[in-house]
Amino acid sequence: MKFMLMMHTPNGGPYQIASWPHQDIKGHIAFMIDLAKRLGASGELVLAEGLSGPEEAKLVRAGKDGKPITDGVFPETKEFLAGFWIVDVESAERAYAIAAEASAAPGPGGAPLNMGIEVRQVPSGLPADMMP
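Each residue of the sequence shown is one higher than the one before, starting from 1 at the first, in UniProt numbering.
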């Protein structure tokens, strides 16, 4: 079963991590790299990526002529998507366990951040009767 684990972080402008002491940033990134390595070694990791901050976000729609229309940046948002993992695991409970581990990534002073990780199943495909 595939799941997408989406790391949400409070929005206060650019990533708050940018204001952390250098050693805390290194610890946080080391934690994330270690988590990805362990999930990769177990065969559970499909993909993991961090995302640029909300100050670079744009919402894109097709205009009547099909050309892109962009909107954004959205400083009024309460949270933003900071990164994600796609995992292929045996159960939803395992996806939740991975999300809880990621949630506890260290922040300033090494204290766990306990940030929200949204977990959603990635359906494996359309039912046969919906295929073209």
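Hints in this document: simulated from the structure, not taken from any laboratory.
Cβ atoms here follow ideal geometry from the backbone N, Cα and C, with glycine treated the same way.
Be aware that a few hints might be false.
Derived CB-CB ranges, DEER-like [said to hold, decoys possible]:
no. : residue 1 : residue 2 : range
1   : 104       : 65        : 23 to 33 Å
2   : 8         : 46        : 12 to 22 Å
3   : 67        : 108       : 24 to 34 Å
4   : 69        : 93        : 19 to 29 Å
5   : 64        : 111       : 25 to 35 Å
6   : 64        : 43        : 41 to 51 Å
7   : 51        : 30        : 26 to 36 Å
8   : 56        : 112       : 21 to 31 Å
Here is what the structure says about each hint:
Here the CB-CB span from residue 104 to residue 65 is close to 48 Å, at odds with the stated 23 to 33 Å. Between residue 8 and residue 46, the C-beta spacing of about 20 Å keeps the proposed range 12 to 22 Å intact. Taken as a hint, the range 24 to 34 Å is violated for the pair residue 67 and residue 108, whose Cβ atoms sit roughly 44 Å apart. Separation of residue 69 from residue 93 is about 42 Å and departs from the stated range, judged on CB atoms against 19 to 29 Å.
In this structure the supplied range 25 to 35 Å is violated for residue 64 paired with residue 111, their Cβ-Cβ distance being about 51 Å. Evaluation of the 41 to 51 Å hint for residue 64 and residue 43 yields a pass: the beta carbon distance comes to about 47 Å. At roughly 19 Å, the beta-carbon separation of residue 51 and residue 30 lies outside the given 26 to 36 Å, and the hint is violated. A hinted range of 21 to 31 Å for the beta carbons of residue 56 and residue 112 is consistent with their spacing of about 27 Å.
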